[in-house]
Amino acid sequence: MPDRTQDCRGGGMNFDWTGEQKQVRDRLNAALKGDLGAIGELERADIEGNRQLLLGFLSRMADTGYLGLGQVADAHIDIMTLVAARELLAQWSGSLFLAVEASSRLFGTLAAASDQEDLHRQVLTPLRQGKSIGAVGMTEDRDASDPADTGRTVAIADGDGYLVTGRKPFVTNGPIADWIAVTADLDAQVAVFFLPCGHPGLAIGPPIPTLGFDGLTVSSVELTEARVSPPFVLGPLPDQGLLDLLRLREDLALAQLSVGLMQSTFDAARFHAKKHKRGGKPILHYQEIGFKLAELLTLLQTAQLLTYRAAWMWSYQAEQAPTLVRCAKVFAAEAAQTVAAAALQIGGGRSYLADHPLTRFYRESGYPGLAGTTTERCRMAIADDMIKQHPV
Amino acid sequence: MDFTLTPEQLLFSEQVYRFARQELADRAAAHDSDHLFDKLAWDRLGQFGLLGLHFPEELGGCGADVMTSVLAGEALGRAGVDGGLTLAWGAHTYLCADTIFTHGNPDQRRTYIPKLASGEWIGCMGLTEPGAGSDVAGIRTRALRVEDGWLLNGSKTFITNGSIANLAVVYAKTNPQAGRMGMSAFIVEKGTPGFSTGRDFQKMGVRSSCTSELFFEDCLVPAENLLGPENAGFFMAMQTVEWDRSTLLAPFVGSLAFLLERCSRYAQQREQFGRPIAQFQAVKHKLADLKICLEAARSLVYRIAWCKDQKRPLNHLEAAIAKLFLGDWTLGPTHDALLVHGGYGYCSEYEIERVFRDGRLAPIGGGTSDIQKMIISRML
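First to last, the protein sequences are chains A and B.
Per numbering that gives the first Met the number 0, residue 0 is the first one in the first sequence, and the count goes up by one each step.
Per numbering that gives the first Met the number 0, residue 0 is the first one in the second sequence, and the count goes up by one each step.
Note that these hints are calculated values from the structure, not bench results.
Every residue, glycine too, gets a C-beta built ideally from N, C-alpha and C.
Be aware that a few hints might be false.
[Said to hold, decoys possible] Chain B stretches covered by chain A per the calculated footprint, using a threshold of three residues with CB under 8 Å from any CB of chain A:
| # | region |
| --- | --- |
| 1 | 37-47 |
| 2 | 259-273 |
| 3 | 292-305 |
Chain A with its partners taken away, still in its complex shape (with noise of 0.2 Å):
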């Protein structure tokens, strides 16, 4: 039996928001909920357009403080106050969600866990003014697990600083970065290296096209001997800890995206059986379309209180938050796919024409179950908590 002493912690059962965790959620919806149209637009720029756009967001996110939510080690005080504003950007954009979620959040967690003046004056403090633009180059195209696998990124001791070469695949905001942070092998240890963009030795590719998130650029990085001084060195860690929590704390994120992407794709689908009419009614009315629409619901409101109580539970230290963390994620991750897939089917032929808003949901929605810890890892790691809790 599970240890449940930690559902104690709390200050009180409420299943609503409270003013305090509902500060900065306010203020986020005051200062860009005029601006939706602007927000859309992030899906149609070109790249200079793009980083415009975002970086004139980014600056009045800035006084309503949300870009420094959750950055600190002990940024599980004030999670909940984080998870009631994200959503608000769930719904409005993927793209700014994860253009904001790769730049203040993993970016800007990396940047403050360092202790290097240079490095806060120069980094943190434009970031969290919204000023700059943060990017994070981890993932590799190599197997992890296989230490004869080339195509590690390994940083070398070199004179007074050191030099990083290797290859990240895949960088979020890597075409519209002031400052991209990358991961290296240094002394088989792992250190961030913080490089601003036209650094010498730092090449960014040309944006990659995906799915789904038109807003959003991705584009590799290539490192070649690029000159890092220590103040812009974080590590090497002592061990995968930081890392670690920066990937539950994305996937805590992708469960969030998750319920914001069904959010919208049901408030779409509702709102076309509820306009759209066949033999004199509108098609809400028939069972085949309302009770399917009533399964969505479902799948939304169960990912939401799910993804709330998993936040929760972080926000305590509980140990069971990271399960509950993977359990929010595979859960939310999957529903959107079914959520998305049944509302383009209400929607109909309209629907599915390339501009519609269902049709750009069905392609976003196949991206949180494979970003992140992959549904399967996660899957794993929640029984393999399961058998340790339950020895025979």
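Go by the hints and put chain B onto chain A.
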């Protein structure tokens, strides 16, 4: 947003779990196999205080909140108590006794609640009829006002605890022309002339609960046994839905935890191809799905209970979603639990097949999954 349980709630839940493991769980298999109500287990539930959990202490209850009641139901399921006993518990405490407690006058409360809370008396609710289930307003049992009371005529079916109940809360039409505004509730005691029970049904699951027919033939019910205002029965019946969607769902949540625990242990002991099957990804996949389903279901049911504790009017949308999820989305993981156990799971002694059978009531009892979808789709 906060999911905190109080230490008291958690402690009580653990006490119920330990009590149920020691005093109830081992009795389930035999009573399931014999389709037999377990009177001894019932008395133990009463002695422990579970039959009147949320009633005030002066009426023989424990003064518990709804969340505590949900945790108790979950603990019973997790301990491996069969769905028959938990259904009898739910129908008695929440569908029958609570209706008397909520709508009864002080005399009715004083007369009936202490007996029901102790378990000395067993209660049932008579609503469903051969011709009216989900369509509640379509009931045809008639209550005619006569000089010395009400004359009931009609029949009820699928009544949990029907043949063993000392008392029934019976819904009947008092103004047939007024549709749902013409229904009233009555307290009918066993032995009232004209009141009889028919056969108990043989069922797929929840076998240790009695499911019976009730017959009313010129059954004269004293005037003071009208429960709540005349013609207000529909809303009283609808109010029981709040319990249907929270406390009555809780044992199903608990049984997912039971299956998860059993599967996690069995998979480590059972070896094939030279290693425990817990090392195969296909088995681990199933364990993970059980855990995901359990945690998802918990969140939904706790939300309904919390809202009820806040005295909020029932959010029918959220309640229907909880019921629909518990009914439909648990089938896959419950089936998986059977598969993890293979041939043993198919045999009664491993208890998995019983939990599987019992769980199939979730999408049927208290409003089928289709009814939940109807409720949800009408609110879109």
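Each hint tested on the structure:
1. 37-47: violated (count 0)
2. 259-273: It holds, with 7 qualifying residues against the three required.
3. 292-305: holds (count 8)
When each numbered hint is compared with the structure, a violation occurs for hint 1 only.
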